Amino acid sequence: MIEIVRDAEGVRMALEEIFEEDFVRARVERESAGANAETKERMQRQIPKRTLSPGYYAFAEHLRSLDDERRAGIIFRVGDLAAFEARGLVALDRARSEFEHRHPACSGCGVRQENRFGRECSGCGVKFVRGKAK
Amino acid sequence: MPSIELTQPRVIAIDDHGKKYQLTVARITQKQWQRYFDAIQSTSENQGGKRVDSFDSTSGRLALVESALIDAKGYTSREPITSISEWQKKLPLSHRAGVGSALTDVSRSEAEGDAITLGRETIYLDAVWSADSNGIMRKFRGLRHSFQTPTAEQQHRYSRDASRSVLVGGARNGKTRWLGPQSTLLALYDELVLEVDGYTVNGEVLDRDGAIANMDGYHKVAAAAELFSPAAPDVSEVE
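Top line first, the protein sequences correspond to chains A and B. The numbers in the first sequence follow our numbering, run straight up by one, and end at 138. The numbers in the second sequence follow our numbering, run straight up by one, and end at 394.
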């Protein structure tokens, strides 16, 4: 029996899944706007299923709310955070970096892409120019 | 308006096949409530991507009842019931469970309250407490608990402790056992409460210190939990 908040790798995986889930959900909602209920339901199935025990996601959501405050400029003193929360925020930064690497943002409109290999932006349609490897 | 008298033992009336029974429960201490909260088995697991929750407070509730019962009337026995060894455990299971249900019958009130004063949070509870002199159990409605607005630090503590759990088994197929935020809620109640209405101690209305010292632990947790629950938006169907 382990306390979930101390399993940093499991927490990082849960955060990655949540980032992916939010990304796909946002796309599905964008693409299914105006579709009938049946189509919407079918498209909802594209949202990836969670794979971990629910406690990981509960703690991950707690970390995300701390992170929202941190990104809004609220400064935490050392004593404000438990050690496992500080470790969790490090795991969150890692999970976000990996997510952002997989889904780079369009430099024109900011929309994150399905992967790194698209030829044009899925948001504004601008063509991507690839630099040649030297 | 009748009030809950916090110092008196509670009498729980049970009607079973036309026979009346009265079970008397001593005032429950915060330690006893804490033991009850610790015994709750609240678990969740992932089944094919869906979260499945289970909740079982039966054993903790029975242990609480057995530790708090001080008298029982309506049963036949060769000697006075309270002189029988472990008499509490010999009462019918359904009666002990019924007492447990009455002790934990506390919910957010649907009764209409006063308009909210900004900077102050008011929670209304409904609760079953004790049988009246006619042996009738009644529900007290609109029990008022007024609080200061929680600070960001207090919100943070609640969020942290509500999200804590242990894993039984593997990360994917294992069960999450929630540790529960009740001890944090008990502490937050004491930090935030300003005044209460609907309760008395020896017939006197409670001030803030009186509420901290005397409020029932289960009511504290129920009221403080409501502080952190989002209010339901008023939504109507589009015609």
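If you're looking for bench data, these hints aren't it; they were derived computationally from the structure. Among the hints, a few may not be true.
[Unchecked claim] Below are the DSSO-like pairs computed for lysine-lysine, each with C-alpha atoms no more than 30 Å apart in a straight line:
| no. | chain 1 | residue 1 | chain 2 | residue 2 |
| --- | --- | --- | --- | --- |
| 1 | B | K205 | A | K44 |
| 2 | A | K53 | B | K186 |
| 3 | B | K205 | B | K294 |
[Unchecked claim] What follows is a set of in silico ranges between Cβ atoms, one per label pair, in the way DEER data are often shown:
| no. | chain 1 | residue 1 | chain 2 | residue 2 | range |
| --- | --- | --- | --- | --- | --- |
| 4 | B | Q187 | A | V94 | 39 to 47 Å |
| 5 | A | T55 | B | N369 | 26 to 34 Å |
| 6 | B | Q187 | A | A41 | 20 to 28 Å |
What you are looking at is a predicted structure, and each value in this text was computed from that prediction instead of being measured. Using N, Cα and C, we set each Cβ at its ideal position, and we do this for glycine too.
How the hints compare with the structure:
1. Between K205(B) and K44(A) the CA atoms are separated by roughly 19 Å; this keeps the pair inside 30 Å, and the hint holds.
2. With a C-alpha separation of about 41 Å, the suggested pairing of K53(A) with K186(B) is violated against the 30 Å cut-off.
3. Taken as a hint, the K205(B) and K294(B) pair is broken in the structure, with Cα atoms around 37 Å apart against an allowance of 30 Å.
4. The supplied range of 39 to 47 Å is met by Q187(B) and V94(A), whose beta-carbon atoms lie about 40 Å from each other.
5. A beta carbon spacing of about 48 Å between T55(A) and N369(B) contradicts the range 26 to 34 Å that was offered as a hint.
6. Checked against the hint of 20 to 28 Å, the pair Q187(B) and A41(A) fails, with Cβ atoms roughly 51 Å apart.
Checked against the numbered hints above, the structure violates hints 2, 3, 5, 6; every other hint is satisfied.
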